[in-house]
Structure formats: structure tokens, C-alpha cells
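Enquirer: Residue-level listing of the chains:
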Amino acid sequence: MTPEIANTRLSDDAFAAERRGVLQSWPTGAAVDFGAGVARQQSLPESKRFSAALAQAHAEGRTLLQPRAGVALLREHTALMNGLSPHCDLLPTTVDAYTRLNRYEDAQTGIDRSRAVGTSLLNGFPAVNHGVDGCATLVDAVDKPIQVRHGTPDARLLAEITLSAGFSSYEGGGISYNIPYAKTVPLQDSIRHWQYCDRLVGRYEEHGIRINREPFGPLTGTLVPPFVSHVVAIVEGLLALEQGVRCLTLGYGQAGNMVQDIAAMRSLRKLAHHYFQDAGYDDYALSTVFHQWMGGFPEDEAQATAVICLGALAARQARVTKIIVKTPHEASGVPTLEANIAGLRATRQMVNMIADQARPDSADIAEEAEIIEAEVHAVMRRIYRLGRGDVAQGIVLAFEQGVMDVPFAPAQANAGSLIPVRDNRGAVRIFDPGNVPLPKDVLAFHRDKIGERAASEGREASFDMVVDDVRAISASKLIGRPAA
Amino acid sequence: MTPEIANTRLSDDAFAAERRGVLQSWPTGAAVDFGAGVARQQSLPESKRFSAALAQAHAEGRTLLQPRAGVALLREHTALMNGLSPHCDLLPTTVDAYTRLNRYEDAQTGIDRSRAVGTSLLNGFPAVNHGVDGCATLVDAVDKPIQVRHGTPDARLLAEITLSAGFSSYEGGGISYNIPYAKTVPLQDSIRHWQYCDRLVGRYEEHGIRINREPFGPLTGTLVPPFVSHVVAIVEGLLALEQGVRCLTLGYGQAGNMVQDIAAMRSLRKLAHHYFQDAGYDDYALSTVFHQWMGGFPEDEAQATAVICLGALAARQARVTKIIVKTPHEASGVPTLEANIAGLRATRQMVNMIADQARPDSADIAEEAEIIEAEVHAVMRRIYRLGRGDVAQGIVLAFEQGVMDVPFAPAQANAGSLIPVRDNRGAVRIFDPGNVPLPKDVLAFHRDKIGERAASEGREASFDMVVDDVRAISASKLIGRPAA
Amino acid sequence: MEQGYKVILGVIGSDCHVVGNRILDRALSDAGIKVVNLGVMVSQEEFVTAAVGEGADAILVSSIYGHGEIDCAGMRERCEERGAGDIVLYAGGNLVIGKKDWKEVEALFLDMGYDRVFRPSVNLAEMIAGLRRDIDLRRVPQLGHNSAAFDTGAPFLDAR
Amino acid sequence: MEQGYKVILGVIGSDCHVVGNRILDRALSDAGIKVVNLGVMVSQEEFVTAAVGEGADAILVSSIYGHGEIDCAGMRERCEERGAGDIVLYAGGNLVIGKKDWKEVEALFLDMGYDRVFRPSVNLAEMIAGLRRDIDLRRVPQLGHNSAAFDTGAPFLDAR
Ligand code: B12
Ligand code: B12
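Chains as they are written, first to last, in our numbering: chain X, 1 to 484; chain S, 1 to 484; chain B, 1 to 160; chain A, 1 to 160.
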């Protein structure tokens, strides 16, 4: 069945009609006014514009740092942002998990109970409940560009509220904020809802306001082969460009093998330009973001800091524009301000120490990049074929048929047949491609690499090996070898 | 004037005569008995033999971790060792600074006052004062190989006591424990005293007891060009081999630029084998040790951990046998057990994560290794010429004439005319060679590299730049750039 | 005597973290325990309905994302309402917001009526051994032949 | 009015750490202060003899290696014995063993008779400005025209 979706720009009428419903879906929507939002964005100083910070860093070859952080109450959240600000370049506002699922009443319960007990009981900042005024107060109170970071399949109201309050960057996408974050949301619904968000950003762009958009790169953060997240990033980029977005940051979550991670960042830039330009776009700004290790962390804070440092190193060696920074509390829970600062300081120190050092280059990196490119091309080709040229239709069908498949994803829209495992050097390889149409030689390459590991461990590759890999970093290893 | 020293094996008679004086120099010397020492060493289980642990790690391609630690009192020191043991592979016993200068009475004051106030007022373990019995109690109480780490120009009595108590590795050397650690000790004296120590180790070796010997690689830890520490390591290796030492670990202190650090470790192994075999030795075991950053640390613990992690990474990438691990307290003071464990855990995590990853190799690394080799050959050639074939005489004359020259050394025996500075990528270069006879093309290479940096910073290279470099890591940078 | 063990497994609330759930499923199944895995984003209602419908011996609730304190409260009461007040009830994961003192977290969830509470670093093999014993004990509540093993609380179930 | 400043600089005891000493020498000299640098491993006797012999305005004692508590005690008394009881006496570095509470360390050394005590992270430019003022104050002890700047102790001299 052909999905009811197409990669075409939403018409002004359709958008307007939809908009009314969105703004009525929760009381705080009433305060949103597009003209006022534009005026407010115009009034922001350059120092609070995300796109400007990214452009400058890109031009100067610098790498910016951004933490994750969000708490339930406005005052506490503002204090948190201002505590982080001296240690980072870009501010986040991580949104709580109820808001992500549009459960604003539960979010309200969380706010109320947090007020009562005097500590945040929410895992993020419930921006919709705080409304335009609350968010604007926040934006006014901070001194750096600030972004909405979440995981929301239907993020339309959140976008309306936060952008009109002066946030200048918006994370997410119809695939990357569904597959890893949702269970039963149909993919075409989340894509359609994100077309709305992108169109909203496009409208700001048309009014001279550049809002940065960042598809969520790491997906499930767990043994995601680079080509998988690259395809998502490229497709979400294409969808965003079509709606008028012009400032994109594409992301990737550290896989742990440095050669593969550097190759991944290199190929991501190249592939994105390739597909964007093929689709006829040439007036966009592209930057990159590297997420420090997104899988399970070690509980010990010193060990966690080492994981953070390896990420900082790979990111800087790959010359990314931005790093999303983890904290030594990662394995335990939402970090304190202090833990967040520790992560930022360690990252800054590492980045600074290697900032001017030679950018690694080697035959391994080139080979790895070629593999990734071959994989992405194979899958993109099939997506376009499935969608008969329409990437929105294509991606929905691709997920339906397991042509695209994200490991360890909770979404029913995802097949879950692709099985990754590490090779003998720790690179993420394809143990079972499921239905993903990877070229034969590429699959043979993966098989050989996995074979090397199996031989060196004296055991067959199997799902046990995968489980060992998932738990390895927490157990102080990259590769889940059998106990010696 | 020809120095009264020669690289020849001490005769048994001369050794015996000297020995009487050494053992009488402080009351605890009386308890030393060589036969008893051999018997005790023989009784040690394999698991406490340093040489065995190194040989096994070398064979398996593993990298061992060793902390630094020492406190005034025996019971506290034993507890410290047992606290560290689960987190490391090799134990240290860092000796206090009074003992290093043979000021055993001051050490005794330190012990007594430490007892009185209930906390260590000494910066290490006063092994001579604790005597053979005290040290033997310690060795018995621990479960890993244990080494004496110090900085003692005349370490003869310390060696007699600790080796006869069961320590199975002994750090130091006549150059590396004089130039960075002393002020007025003539170089030929310290070399002569270390010939004694090496001869003592040689005698154990002849009795079937292999004691590991480790020249102190990092010297002053401050902008030391690799060739400088390599020459010292090679010369001390040659001096030790001549006295019968057969198990050597040569060291190097992280300079901060990864290409240079990896090249340094690679060339160190190669050069050592070259000179040792040229001198007719082929029956020795050689391993390597990498010291995490030995210069001033950042005060912040997260930043310090990042410095530690960069060292761990470079060390493992260079496939060294052993890493000497720093702690997040480095900038502040002698670390607590907890801080030491944190350093070890971070290091272990980093080493484990990259253990199986590809060993970096590149044209840069090869070029850097070639430069280092050319430098070492040029200086070694001159040393041999000055000593008319005798490396002991040669090195004394070389220091006298500034042919060998260690940056930032306190010793009057050192010229201090060589001035290092970082280049635009952070590698340590020669700004002024002083009297060190480096080849013209090598000097031109350094000049060009420094020129690149000067141009990029828009200032002339000068001692100010050097000062900026010295303080850079503490200020979160590798290179001391002018404030932007 | 040879009786099977059947458990309901799931991640409660709006929580999407599925990796631990998959690993728990695998570990329990490998140990011969029958697992009814409800996956992520499971409501209390769904847990209890499944438990009653399947006649399960235990419910293993995961909460990873931090809202456990809100999402997990009232579960025991809901079981009681549905006549399963006696079922073995476990909770585990990153149960509250932030890095909190474990003793407090454990007390909070024991108070809510969970029989045992687990941190992320739990040793699964030991947890499963304990689970069997807990289920056995409920089956023959009078016997209590090896109840001594449980007198001291659950620290041995935890890796740290 | 234009009077020079002359200080004795050195690292006390058995301490070999010379890097900070070289940097202090450079910073003081660059600021136009005459430095008599005794280098490392300087005894109290050597410090005081040099101060008296050179007619110095201040002694700047470094202790980096941790034995400062033992090595630095009694320095003020020794100055007094030699008729220089009034000299400006500074101490700085990693003054004690381990990472200790700074307030305690500072109090310990102020008690010993040091006028100011500095941690490694001291801002040298500010320290030098303060040094000039301290010397000026000793020179015209009655005047005290800008002594207010010193009422609050020395925290402003410290980078942290
Ligand atoms: C991967 C990951 C993600 C992925 C999840 C992908 C997916 N769909 O599974 C993504 C990126 C999507 C994600 C999103 C979010 N995450 Co998240 N995530 C993680 C991370 C890094 C690893 C989790 C993991 O997979 N671990 C590996 C598995 C094997 O371990 P496990 O989950 O702990 O499960 C084991 C044990 O806990 C135990 N166990 C679990 N349940 C039970 C139950 C019983 C009965 C027993 C006996 C044992 C048991 O056994 C399991 C198997 O060994 C953790 C931090 C960490 N642990 O390092 C944060 C973490 C869990 N996330 C967190 C948060 C807050 C979120 C978000 C809300 C975003 C945000 N605000 O930062 C969203 C969630 C939105 C939502 N609706 O749920 C927080 C939770 C904070 C807290 N509790 O205080 C954590 C701890 C990070 C942090 N320190 O802030 N996350
Ligand atoms: C390099 C170094 C060495 C080199 C020294 C080479 C040399 N000859 O100079 C070597 C390897 C030889 C060495 C040896 C030892 N070291 Co060491 N070393 C260091 C290290 C890493 C850096 C020191 C440095 O050069 N810093 C850079 C300079 C610019 O900074 P600075 O020395 O702090 O000086 C500045 C300030 O302190 C201040 N300042 C200093 N004095 C004064 C005085 C006044 C009046 C003022 C205003 C300011 C001021 O201004 C200076 C310039 O900015 C430090 C740790 C660190 N800081 O990271 C440990 C450290 C100083 N060493 C230490 C120790 C204990 C030793 C040893 C005893 C070995 C051991 N047990 O570990 C031996 C010393 C033997 C001896 N006889 O002294 C300890 C001291 C512990 C303590 N106080 O609790 C430290 C802190 C490491 C640690 N955390 O354990 N060391």
C-alpha cells in the first residue's frame, strides 16, 4: 500500500489549517503568534543565534561543545543553564519524556510534584507546559544560543512554542524521533508531523530568521552501523530542505572504533552534499555533530570520563563542528550541574590538547569510508526505487520491508532483523543484514571481519556475542570478549 | 680533564670494599646480607617477579599499569599498596625526598612527626629507615611485583636494602637520577654510584635472580625533546648491561603530540637494540615504559583525567609494555588512594577500549621517528668520540660541554643552553640547540616547524613562547598560544 | 515438583529504553524461565492484565528513564485489586532521577510494595537464582525451608 | 621616591622542582624587580644569609615537593635572629603533602610568620603587584596610605 505521504512542500493553506489544530491541542498553544515569534527572533542578539555560532566555528575550524540538561521547573532550569554556560559553547534544553509523548497532563503532575518535593521528578524541561512566556523568560536569561533537544514523534506544538520564544535550533526528525523513541507511532505519521516542524522552520527562514535543524544522529546508540544512521540523516535532511530548512547539522553517535568513527564523519559530510545537491539544493549550510558514546556507560566516574575522553578525541580528530557531551553520571542518572561541568571540562581539555595536531589519515580510514559510502548508496538507491523517486514514501516502505532497519529499536515500525556485532578491532559490522540490500562484496567484507573475531575468540559469532558487545563498555571493554 | 670513570665492570674486590662502606653508612645497613637476599628473592612466587610480569605482557602484547605511591609509615604504606593492587598490574614504592638525598635523619624526623600527627608528612616511603625487615614485611604483605621508584643520585644503600628485602625492580640511573633531581652532585659520582647499583643487580642475576632495571625516562618532564631522553636511556642501558643487568625497561615521558609520542616509542626500541647489539649484548630482555604527562597538570580533576586519558591512549597506540599512571590530584599534591585508583581506572578503561584497535601508522610518524634517530645518532657519535669509545667518560664530557643538555634541569652539571619550544602542531622542537651537535638538516627542520608556529601566532619565537608552553597544559591547552 | 516459572517483563510508563529489556528477556529465557515480554511503554494496567491472563509468577518492571518514582507507585495495589496481590514484584533500572543514594531508592520502592529492587549493575545470574527462590517461597508459603537466605535483604544480588 | 625592589628567590629544603622557580624569576625580572635566584635545594640559612647580604626587601620561598611543613618552619625566627625580622616573607607552591583544604594550609603558614601564602594557581601579575605594595608598606610603616587594600587577606591574589 502506498503510504499517504510525499516529500513535497506543505501548502500554505494546508499548513494554516493544521496549525489551528496544533495550537489548540493544549492551552499554552493559544499564546503562539507567528509574527510575534519572528519579531522576537529578530530581536535576539547574534550571540544567541545557533546558526551564527555554527557558521563561525565551521569557518574557524573549531569544535563547539554542548551538554544535555533539563529539569522540571523554570527557575531551576534557568539556573542550570547559567551554571553550564561558562563551560560550553551552545546550550541545550532537554525536554522531559512525558512532553515527548504529548502527555502534558502527566508533565503537569511532574511539575507539581517537583515543586512539592523541591527536586526535579522529571527527566527534562516540560517546555510546552511552561509555554511561550516561560520559554522566552528562559531564552532571555541565558547568554548563549539555545536548542530544544527531545525525542518527540509529534513535536509540532513544542516547535511552535519554543521557536516563537526564541530558541534558535531544533533537534529531531520524523524517523530519528520515532524509531528509537516510540513504540506504536506509524512512521508516516511522525514524518508528516516533522514536515510540519520543518515547514515552520522554513517559514521562519523565509522571514529572514535562520533556525538550525538537527536530525538526531545516534538513533538507539547501540551498535548502530554508520550507514544506518547516515541514511536516516540524509533522508531527514532531504525532507527538511524540501520544507525550506536551510541550516542543517547532521549527526553521528560514536561507535567506538576510531578508524570507523573518523571514516563515518568524513563520509557523512560527503554523502550529505552528494544527495542534497543531487536533489537540487545548493543554498544550505551544513555542519556536523558527534555524540560521545550513546550506549551503556561504566558506573565508575573515572571510567566514564575515559569514555568521554575517547569520544572527545575521535570527534576532534574528525573535525566535527559540535560535540554532544556526556557526563560521569551517565550510567547512574540525570547528571547534576557539577557532573555536567566535569564532562564538559574533560572534553574541552581533550579537544584543546589535540586541536592543532595532525588529522589522522590512513588507508584503513579510506577503506572504511568507502564501505560506508557503498552501503549508503545501495540503501538510498532502493529507497528511491521503492518511493518511485519520492524519498518520503521510499523511507516508509523501506522500514516496512526491513530495507532500513535500526538495531535495538523499540518501534513496531522497525523490523529489527538486522543484527550488528563488533569485529576483532571493535568496528561495528553486519552479522545479519536482515532485509537490508547491502552489496555482496560489502557483506563479504563484514563476514570476513566477523570471522576474524570469531576465530580469535574461538567461538562462533552469535547473538550471545552481540549481548556481550552491548554490555562491553560498561564492563570496561570495547569488544565483548569471553572472559579469559 | 678526563673524568675518573669508565664503563667497565666493577671488580669483585672493588665492589666488596665499597660495599662495606655503603652498609655502614646508616644503621639499617647492618642487616643486609647478600646470601640472605638471594634466598629471599628465590623464595618469592613467580607472581611477585617484575621481570616475569613484563616478559608475559610483552609476549601477549598487553600493556601493564603501575601507579606511583608512597607514605611515611610501614602500616599505612602496606595498606596503600593493598588498596592499589586490585586496580593495577605492578606496584610501586615511591621513596621520599629526604631518603633520595641520603638525609636519613630528616627522614626519621618525618617518620616521627608523621606518627605524631597521624598523617604522612613525607612525600614517599623512607625505605632505608624502615630497613630490610620493614621492607620484607611490605613485600610479604602484597600480592604483586613491587618496584622501588625514587630519584636518588647515590642509591647504593637503598638498593642493598630493598633488593635484599624482595623488591624485584629498581628504577633510576646515574644520569636520570642526577640531572633532574640534584643540584651539585658531580655527574661522574652519580654514574659511579649507579654502576654499584647495577653491579649489585648483576650479581643477583649471576645468582639466578633477575631484577628489572628501569632508567628514569621523563627526566624533568618539561618540554624534553625525545632524543634527549632517548640518549640518556640508551647510555644508562649500556652502563647497566656492562655491570651485568639483563632485564631493562626503557622509558619516555609523554610530550603531548601523538605523532611525536608514537614515533618516540617506536624509535626508542629500535635505537636501544641498535646500540646494545653494537656494544655486543644480545642476551637481554627489553621492555618499554610510557609516563603519562610529567609536566604541570591542570588543577581541575576532570581536566586532569583528560590529560591522563590522552597519555593512556598514546601509550597503548605505541604498544608500550607499561604505563606509569598519574592521578586527578596531580597538580595539588600527593594523591589519596582514591585519586590514585581513579587515575588507574580511567587509564584502564582507555587502554581496554583501544587495545585491539589498529596501531596508527603514517608518513608523519615515520618522518618523526627518522628525525629522532638522526638526532640520537649524532649525539651518541659525539659521546663515543668524546669518551674515546667509553660511553661513561663520553657522557660526562658531553654534559660538561653541553653536547648533552636537558631542558629545565636543576643540576649544575647540566648546561641548560638547549631551549625547546612547541611547533604549530604541538611537537617539541629545538629552538636553540645550545652546544648539542644536531645535524644541519635536522636543525633546519626544527627551525621551519617553529617558523610555522611563529607565523601563525604572529609573534617571534622567544623564551616567552617557551614559558607559555610550560604553562599550557595546566591552562587546558597543549600549545601556549597568545590569548586570542 | 518440577514446575515452570513464568514472568511478565516490560518497561513501564513512557519509557522507550529497550536494550536492557532485550537483554533481560534473553537472560531469563536462557535460564529456562518463560518470559512474556510486553516491551517498552507499558502501563500498570497492561502489566497486571498480562500477569492475571497469563497466570504469571512474577512481574519484572523496568524503569530506566527516571520517571520510575511516578510511574511505579500503586502497582502492588493494582495487583491486589485484580486478585494477584501475592505476585512477586520486582523493579529495576535507573529508577529515579539522578544519582541518588541507593539505600534511599531501595527503601522507596520496597515501600511501594516491590519485593526486590535492582540497580543497573545487578548480576543477572544471581538475580534469576533469587527470583526462582522467591517464586518457590510464594508457592509453598508455609514451608520456608530456605528462607534464611533472604533474611539479610538483597545485597548479594547486586554486583556492587 | 623611585626605589628599586630586590628579592631573594629559591626552592627550600631537598626540593628539586626548578620549573616554577625559573618562571617566577622570569616574571619578577620582567616586572623590573631585581631577583637573586638561589635555585633549588636552598637551606633556611642560605636564604637568610643572602637576604642580609644583599639587603633584599623580600624572601620568596617555594616549596613544591610536599615537605614544606617541615622545611619552612622557623624561617621568620631565623630572619629575626639575623636582624631581618621585618623582611617580607612569602611562601608558595604545593606547600604540604596531599590535596588539603587551602584555608588550613594558608593558616599554617601565616602562623609560621609568612606574610602571604600562595597556591600553584596564583596569578603572578597580581602577586607581583601585591609584593610591591607589601614592600612599600614596610618601607614607610607609619604611612599605610593604601593599606586598606590588604585588610581582607590575600584572596584576590589567587586565581581561584
Ligand atoms: C541508550 C540510551 C538511550 C537511547 C535508548 C534507545 C532505546 N530505545 O533503547 C536513547 C538515545 C533513545 C535514549 C533516550 C532517552 N534517555 Co536514555 N540512556 C541510554 C543509555 C546511554 C544506555 C541505556 C542502555 O541501553 N543500557 C544498556 C542496558 C543493557 O542496560 P540497562 O538499560 O541499564 O538495563 C539493565 C539493568 O538496568 C537491569 N534492569 C533493568 N530493568 C530491570 C528490571 C529488573 C526487575 C531487574 C532485575 C533488572 C533490570 O538489567 C538490564 C540488563 O542488564 C543510558 C545511560 C547508561 N546506562 O549508560 C541513558 C539513560 C537511561 N537515559 C536517560 C534519559 C533521561 C533519557 C531521555 C529521557 C532523554 C534525556 N532526557 O536525556 C530519553 C528517553 C525518552 C523516553 N521516552 O524514554 C537517563 C535516565 C536518567 C535517570 N534515570 O535519572 C540515563 C540514565 C542517562 C542519564 N544519566 O541521564 N537513551
Ligand atoms: C615536573 C614535576 C617533577 C619533575 C621535576 C623536574 C625539575 N627538576 O623541576 C620530577 C619528575 C623530577 C619530579 C620529581 C619529584 N616530584 Co614532582 N612534580 C612535577 C609536576 C608534574 C610539575 C611541576 C612543575 O614543573 N610545574 C610547573 C610550574 C610552572 O609550576 P609550579 O612548580 O607549581 O610553580 C608555580 C607555582 O607553584 C607558583 N609558586 C611556586 N613557588 C612559589 C613561591 C611564591 C612565593 C609564589 C608567590 C608563587 C610560587 O609559581 C610558579 C610559577 O607559576 C608536579 C605536579 C603538577 N604541578 O602538575 C609534581 C609534584 C610537584 N611532584 C611531587 C613530588 C612528591 C615529587 C617527588 C618527591 C617524587 C614523588 N614522590 O612523587 C620528586 C621530588 C624529589 C625532590 N628531591 O624534590 C608532588 C608534590 C606533592 C605534594 N606537595 O603533596 C607533585 C605535586 C605531584 C603529586 N601530586 O604528587 N617532579
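Rather than coming from a laboratory, the hints here were simulated on the basis of the structure. Hints may be right or wrong, so weigh each one.
What follows is a list of derived Cβ distance ranges for each label pair [stated by the list, open to error]:
#, chain 1, residue 1, chain 2, residue 2, range
1, X, 460, S, 447, 37 to 47 Å
2, S, 284, X, 452, 26 to 36 Å
3, B, 27, X, 460, 14 to 24 Å
4, A, 107, S, 451, 49 to 59 Å
5, S, 4, A, 46, 24 to 34 Å
6, S, 86, X, 283, 56 to 66 Å
7, S, 451, X, 283, 38 to 48 Å
The list that follows gives simulated cross-link-like pairs (lysine-lysine, DSBU-like), each with its CA atoms no further than 35 Å apart [claimed, not checked]:
#, chain 1, residue 1, chain 2, residue 2
8, A, 34, A, 6
9, S, 144, S, 270
10, A, 6, B, 99
11, B, 100, A, 103
12, A, 6, S, 183
13, S, 183, A, 100
14, X, 183, B, 6
15, A, 34, A, 100
16, B, 34, B, 6
17, S, 270, X, 449
18, B, 34, B, 100
19, B, 103, A, 99
20, B, 99, X, 440
21, B, 99, B, 6
22, S, 449, X, 270
23, S, 270, S, 183
24, S, 270, S, 440
25, B, 6, X, 449
26, X, 183, B, 103
27, S, 440, S, 183
28, X, 144, X, 440
29, A, 6, A, 100
30, S, 183, A, 34
31, B, 100, X, 183
32, X, 144, B, 100
33, A, 99, B, 100
34, B, 99, A, 34
35, B, 99, A, 100
36, X, 270, X, 183
37, B, 103, B, 34
Ideal Cβ placement from N, Cα and C applies to all residues, glycine included.
Enquirer: Each hint needs a verdict: does it hold in this structure or not?
Expert: Against the structure, the hints:
Taking 37 to 47 Å as the suggested C-beta distance range, the pair residue 460 of chain X and residue 447 of chain S does not conform, at roughly 58 Å. At about 34 Å, the CB distance of residue 284 of chain S to residue 452 of chain X agrees with the hint of 26 to 36 Å. The hint said 14 to 24 Å for the Cβ distance between residue 27 of chain B and residue 460 of chain X, and at roughly 19 Å that hint holds. The beta-carbon spacing between residue 107 of chain A and residue 451 of chain S, approximately 50 Å, falls within the hinted interval of 49 to 59 Å.
Between residue 4 of chain S and residue 46 of chain A the beta carbon distance is about 29 Å. The supplied range of 24 to 34 Å therefore holds. Checking the proposed 56 to 66 Å range against residue 86 of chain S and residue 283 of chain X shows it holds: the Cβ atoms sit about 59 Å from each other. For residue 451 of chain S and residue 283 of chain X, the hinted distance range of 38 to 48 Å is satisfied, since their beta carbons lie about 40 Å from each other. The straight-line distance between the Cα atoms of residue 34 of chain A and residue 6 of chain A is roughly 5 Å, inside the 35 Å bound, and the hint therefore holds.
At roughly 30 Å between alpha-carbon atoms, residue 144 of chain S and residue 270 of chain S fall within 35 Å of each other, so this suggested pair holds. For the proposed pair residue 6 of chain A and residue 99 of chain B, the alpha carbon gap of about 54 Å is over 35 Å, so the pair is violated. For the given pair, residue 100 of chain B sits about 30 Å from residue 103 of chain A by alpha-carbon distance, which is consistent with the 35 Å threshold. Taking the CA atoms of residue 6 of chain A and residue 183 of chain S, the gap is about 24 Å. The hint holds against a cut of 35 Å.
The hinted pair formed by residue 183 of chain S and residue 100 of chain A meets the criterion: a straight-line CA distance of about 29 Å does not exceed 35 Å. Distance check on the hinted pair: residue 183 of chain X and residue 6 of chain B sit about 24 Å apart at the alpha-carbon level, within 35 Å; holds. Distance restraint check for residue 34 of chain A and residue 100 of chain A: the Cα-Cα separation of roughly 33 Å lies within the 35 Å cut-off, and the hinted pair is therefore satisfied. Between residue 34 of chain B and residue 6 of chain B, the direct Cα distance comes to roughly 5 Å. Compliance with the 35 Å bound is thereby established for this hinted pair.
In summary, the hint linking residue 270 of chain S to residue 449 of chain X is supported, as the alpha carbons are separated by about 32 Å, within the 35 Å threshold. About 33 Å separates the Cα atoms of residue 34 of chain B and residue 100 of chain B, which keeps this hinted pair within 35 Å; it holds. For a cut-off of 35 Å, the pair hint linking residue 103 of chain B to residue 99 of chain A stands: about 30 Å separates their Cα positions. For the given pair, residue 99 of chain B sits about 47 Å from residue 440 of chain X by alpha-carbon distance, which is inconsistent with the 35 Å threshold.
For the hint linking residue 99 of chain B to residue 6 of chain B, the alpha-carbon distance of about 32 Å falls within 35 Å, and the restraint holds. The straight-line distance between the Cα atoms of residue 449 of chain S and residue 270 of chain X is roughly 32 Å, inside the 35 Å bound, and the hint therefore holds. Of the supplied pair hints, the one linking residue 270 of chain S and residue 183 of chain S holds, its CA atoms being roughly 32 Å apart against a limit of 35 Å. Proximity of residue 270 of chain S to residue 440 of chain S is assessed by CA-CA distance (about 23 Å); at most 35 Å being required, the pair is judged to hold.
In summary, the hint linking residue 6 of chain B to residue 449 of chain X is not supported, as the alpha carbons are separated by about 39 Å, beyond the 35 Å threshold. Proximity of residue 183 of chain X to residue 103 of chain B is assessed by CA-CA distance (about 33 Å); at most 35 Å being required, the pair is judged to hold. Of the pairs offered as hints, the one joining residue 440 of chain S and residue 183 of chain S holds, with about 32 Å between alpha carbons and a cut-off of 35 Å not exceeded. For the suggested pair residue 144 of chain X and residue 440 of chain X, the alpha carbons sit about 48 Å apart, so the restraint of at most 35 Å is broken.
For the hint pairing residue 6 of chain A with residue 100 of chain A, the CA-to-CA distance comes to about 32 Å; that is within 35 Å, so the pair holds. Between residue 183 of chain S and residue 34 of chain A the CA atoms are separated by roughly 23 Å; this keeps the pair inside 35 Å, and the hint holds. With a CA separation close to 29 Å, the supplied pair residue 100 of chain B and residue 183 of chain X stays within the 35 Å bound. At roughly 30 Å between alpha-carbon atoms, residue 144 of chain X and residue 100 of chain B fall within 35 Å of each other, so this suggested pair holds.
Between residue 99 of chain A and residue 100 of chain B, the direct Cα distance comes to roughly 26 Å. Compliance with the 35 Å bound is thereby established for this hinted pair. For the hint pairing residue 99 of chain B with residue 34 of chain A, the CA-to-CA distance comes to about 54 Å; that exceeds 35 Å, so the pair is violated. Restraint check for residue 99 of chain B and residue 100 of chain A: satisfied, since their Cα atoms lie roughly 26 Å apart, inside the 35 Å limit. Taken as a hint, the residue 270 of chain X and residue 183 of chain X pair is honoured in the structure, with Cα atoms around 32 Å apart against an allowance of 35 Å.
This hinted pair checks out: residue 103 of chain B and residue 34 of chain B have alpha carbons roughly 31 Å apart, not beyond 35 Å.
When the structure is compared with the earlier hints, violations turn up for hints 1, 10, 20, 25, 28 and 34 and for no others.
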